[in-house]
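J.: In case you want the letters, here they are:
There are 2 protein chains.
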Amino acid sequence: MLKEERHQFILNEVRIHNKVLLTDIADLLKVSVDTVRRDIKELHNSDQLKKVHGGAVSLGFNTYSPVGKKVYSLEKKSQIAEKAITLIKEGQVILLSGGTTNLELARRLPSKMKLTCFTPSLPIAVQLLTKSNVDVIFIGGRLSKDSQITIGGSAINMLSEIKVDICFLGTNSIHPVEGLTEFDWEIVQMKKAMIHSSRKVVSPCISEKIGSLQRYKICGTEDVDVLITELEPWDIKLDAFKTMNLQLL
Amino acid sequence: MLKEERHQFILNEVRIHNKVLLTDIADLLKVSVDTVRRDIKELHNSDQLKKVHGGAVSLGFNTYSPVGKKVYSLEKKSQIAEKAITLIKEGQVILLSGGTTNLELARRLPSKMKLTCFTPSLPIAVQLLTKSNVDVIFIGGRLSKDSQITIGGSAINMLSEIKVDICFLGTNSIHPVEGLTEFDWEIVQMKKAMIHSSRKVVSPCISEKIGSLQRYKICGTEDVDVLITELEPWDIKLDAFKTMNLQLL
DNA sequence: AGTGTTCTTGCAAAAAATCGAAATACTCTA
DNA sequence: TAGAGTATTTCGATTTTTTGCAAGAACACT
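Chains as they are written, first to last, in our numbering: chain E, 1 to 249; chain Z, 1001 to 1249.
Derived from the structure by calculation, the hints contain no laboratory data. Be aware that a few hints might be false.
[Unchecked claim] Calculated lysine to aspartate or glutamate pairs in the EDC-like style (CA-CA distance at most 16 Å, straight line):
| id | chain 1 | residue 1 | chain 2 | residue 2 |
| --- | --- | --- | --- | --- |
| 1 | E | K131 | Z | D1146 |
| 2 | Z | K1050 | E | E5 |
| 3 | Z | K1051 | E | E5 |
Construct the complete structure from the given sequences, taking the supplied hints into account.
T.: The following block contains the structure:
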């Protein structure tokens, strides 16, 4: 067993479960706890996970954000995910777009909650497989290598045939006037279709994305029913949305 | 043994297993460990693999493997996968069912080969994401938790709209008289649809599955164009298939 | 406070890497 | 074809890395 293999295995476990126990890893890999501890220390030093007493936890997966913001950002996304889950009721049919916030949401779905979940996102589908009470329906189509979601006519076609209770629309840019925007044309088309397929549209969005603008428009703010940020609903940064017909959470 | 030969051998091993041990290579190639070490150092310097203590790993190693379940008869399945790849030509459109043999096939696809690849299997889709020249099209539908492929009407519907060059149909049971059979009715429906969508049907199957029989029938042997096992085509265990209109590989 | 568990530290055995020198193979020229 | 020169491989001695173990300190939980 190469050290590199153990490292990858540990990182993979962390990705899936968000946390690992030293003893579990040692057991699974059939090596001593000391070795695992040393491995985790190295991964910690190279900022690939966070070492804590008894194991390690994930840093979050947004690789682009500046160093030191990683944990912070995950913290925000977790808060958003937790708020989002309160909107979901047993037995509902939901639609999850791609993005790390929604991945976090998928990870935190209570395993005893019965749901039907549509998604075009490969990582989210993999995550949802671990939830035994969730029926997962994958929106097929051409896979985009970098966003890891399906795009294109076939996927949009499949979306056109459904009507779900809630759609959680991972949001990269929201602007009080311009609404939701996106830089990738194909993804815009997907998100438009997703909005059209949903009775209720929820936009989980970390506050630093508020006010930003991209090339293509997805929809106006009037098409969004709920905006979830990590902030309190009365925060001053959300003022621009207060007069709108839109629930803040 | 030329240096170049060793280099190619090592790279191939890395491509297949994602990692190699110095001692293994030295053993297989009947050269000293020092030589292998030097070879790997050269390959490392030319960025063809990553040298680590005790061996080397593939450069794209950090892309996570979906479900780290242990694969039985990996050696045989690798042989089958290698034979299967010889059937694929640049630019073709192929269809991969689920199963570990096909996962092996996906892993070993040369990364420079341009292909379009349909699949209803989540692990295979994840694996194919690492192949930059392969267009991946995921067959959407309801995800079966244990087989990790999509099933049901929607998936079958999507299959009904395509016609691919070759289908690699992971096979759990093949019988000279009864043909291909399967344990799960939903998967039977998927496989039937896959056969219908393909000009050529290839059945990769490890020899121990030959002669076995399950509850539901997928198709007769006449629907299979090529049968690939880890055995030599003239092996006595394959006698029953020799008189049939079916290529053995 | 008490009781397990987890961390740190130091150490020793085993495996692997490094380095230099010797042996072998290969190429090119006279 | 002999022989010099170069490249490649092997071998041995030494150093480094890795790993598991143990004793005591630090920690979490009741």
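J.: Look at each hint and say if it fits the structure.
T.: Comparing the hints with the structure gives:
1. A threshold of 16 Å between alpha carbons decides the hint, and for K131/E with D1146/Z the separation of about 12 Å falls inside it, so the pair holds.
2. Pair hint K1050/Z plus E5/E holds up; C-alpha atoms about 12 Å apart against a cutoff of 16 Å.
3. Taking the CA atoms of K1051/Z and E5/E, the gap is about 13 Å. The hint holds against a cut of 16 Å.
When held up to the earlier numbered hints, the structure conflicts with none and fits them all.
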